[in-house]
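*Asks:* Residue numbers (the working numbering), protein chains in the order written: chain A, -4 to 112; chain B, 881 to 996.
These aren't lab readings, by the way, just hints derived from the structure by calculation.
Careful, some of the hints might be misleading.
[As the list claims (entries may be wrong)] Below 25 Å or equal to it, Euclidean Cα-Cα: the simulated DSS-like pairs (lysine-lysine) are:
id : chain 1 : residue 1 : chain 2 : residue 2
1  : B       : K948      : A       : K13
2  : B       : K988      : A       : K36
3  : B       : K922      : B       : K948
4  : A       : K48       : B       : K975
5  : B       : K951      : A       : K35
6  : A       : K36       : A       : K17
7  : B       : K983      : B       : K951
8  : A       : K35       : B       : K936
9  : B       : K988      : A       : K48
10 : A       : K33       : B       : K983
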Amino acid sequence: DTEVTQTPKHLVMGMTNKKSLKCEQHMGHRAMYWYKQKAKKPPELMFVYSYEKLSINESVPSRFSPECPNSSLLNLHLHALQPEDSALYLCASSPHIVRGANTGELFFGEGSRLTVL
Amino acid sequence: GESVGLHLPTLSVQEGDNSIINCAYSNSASDYFIWYKQESGKGPQFIIDIRSNMDKRQGQRVTVLLNKTVKHLSLQIAATQPGDSAVYFCAENRKNSGGSNYKLTFGKGTLLTVNP
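Put together the whole structure using the sequences plus the hints.
*Replies:* Encoded structure:
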């Protein structure tokens, strides 16, 4: 069983709605990630947080707003999304940020499947 | 059977056979690689990793081979079982476009189907 918990598992929202995706881990990891995955495609990195600070933003549109309130929690706030934003949103964590050869695996949650109508 | 990964994204094998899944990576500076397994409706699950100072690493029923000369990675699964049916992604650790941080970038994936 994954130790990264994502809620909700499924979310349907309209283009004018505001919603949030939540992610929680209690492994003491200090790096947390948001990935987006379209059907039959690989996960694509969106954001990386290291020690609760935003470290990487892969030029994600501002309608996606990440937040890391503490070392165990990661949120993704959604506002004015488009139908093409429908995807599986994956959260992951690692002990420290992936950096060179001093790295380790990312632990993924089961994802939140988002449908934008 | 053998998958070329990027060009043949599906691999079908008989239960008990060995499977080989291939992956080509693009950045010669990448120094860490991971194979992930993703079952339908689930998040990616770590299988095995390898650092660039190695060319082979073995786990339980799985072996990863790294050929840095041709930038090629492969995952070998011995005695494939129906539970191995999933999409398999290779991922490489490389610097992001700004050059200041590393990020884990996934390859296109290969769908492995195990026939009983």
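*Asks:* All hints are to be evaluated individually against the structure, with a verdict given for each.
*Replies:* Going through the hints against the structure:
Pair hint K948/B plus K13/A does not hold up; C-alpha atoms about 46 Å apart against a cutoff of 25 Å. For the proposed pair K988/B and K36/A, the alpha carbon gap of about 6 Å is at most 25 Å, so the pair holds. Between K922/B and K948/B the alpha-carbon distance is near 31 Å, which puts this suggested pair outside the 25 Å criterion. Under the criterion of a C-alpha separation no larger than 25 Å, the hint pairing K48/A with K975/B is consistent with the structure, at around 18 Å.
A hinted pair counts as satisfied when its Cα atoms are at most 25 Å apart, and K951/B with K35/A qualifies at roughly 24 Å. Pair hint K36/A plus K17/A holds up; C-alpha atoms about 23 Å apart against a cutoff of 25 Å. Simply put, K983/B and K951/B have alpha-carbon atoms about 18 Å apart, close enough for the 25 Å limit, and the pair holds. Restraint check: the Cα-Cα separation between K35/A and K936/B comes to about 29 Å, which exceeds 25 Å; the hinted pair is violated.
Between K988/B and K48/A the CA atoms are separated by roughly 29 Å; this puts the pair beyond 25 Å, and the hint is violated. Between K33/A and K983/B the alpha-carbon distance is near 19 Å, which keeps this suggested pair within the 25 Å criterion.
Comparing the model with each numbered hint stated earlier shows that hints 1, 3, 8 and 9 do not hold.
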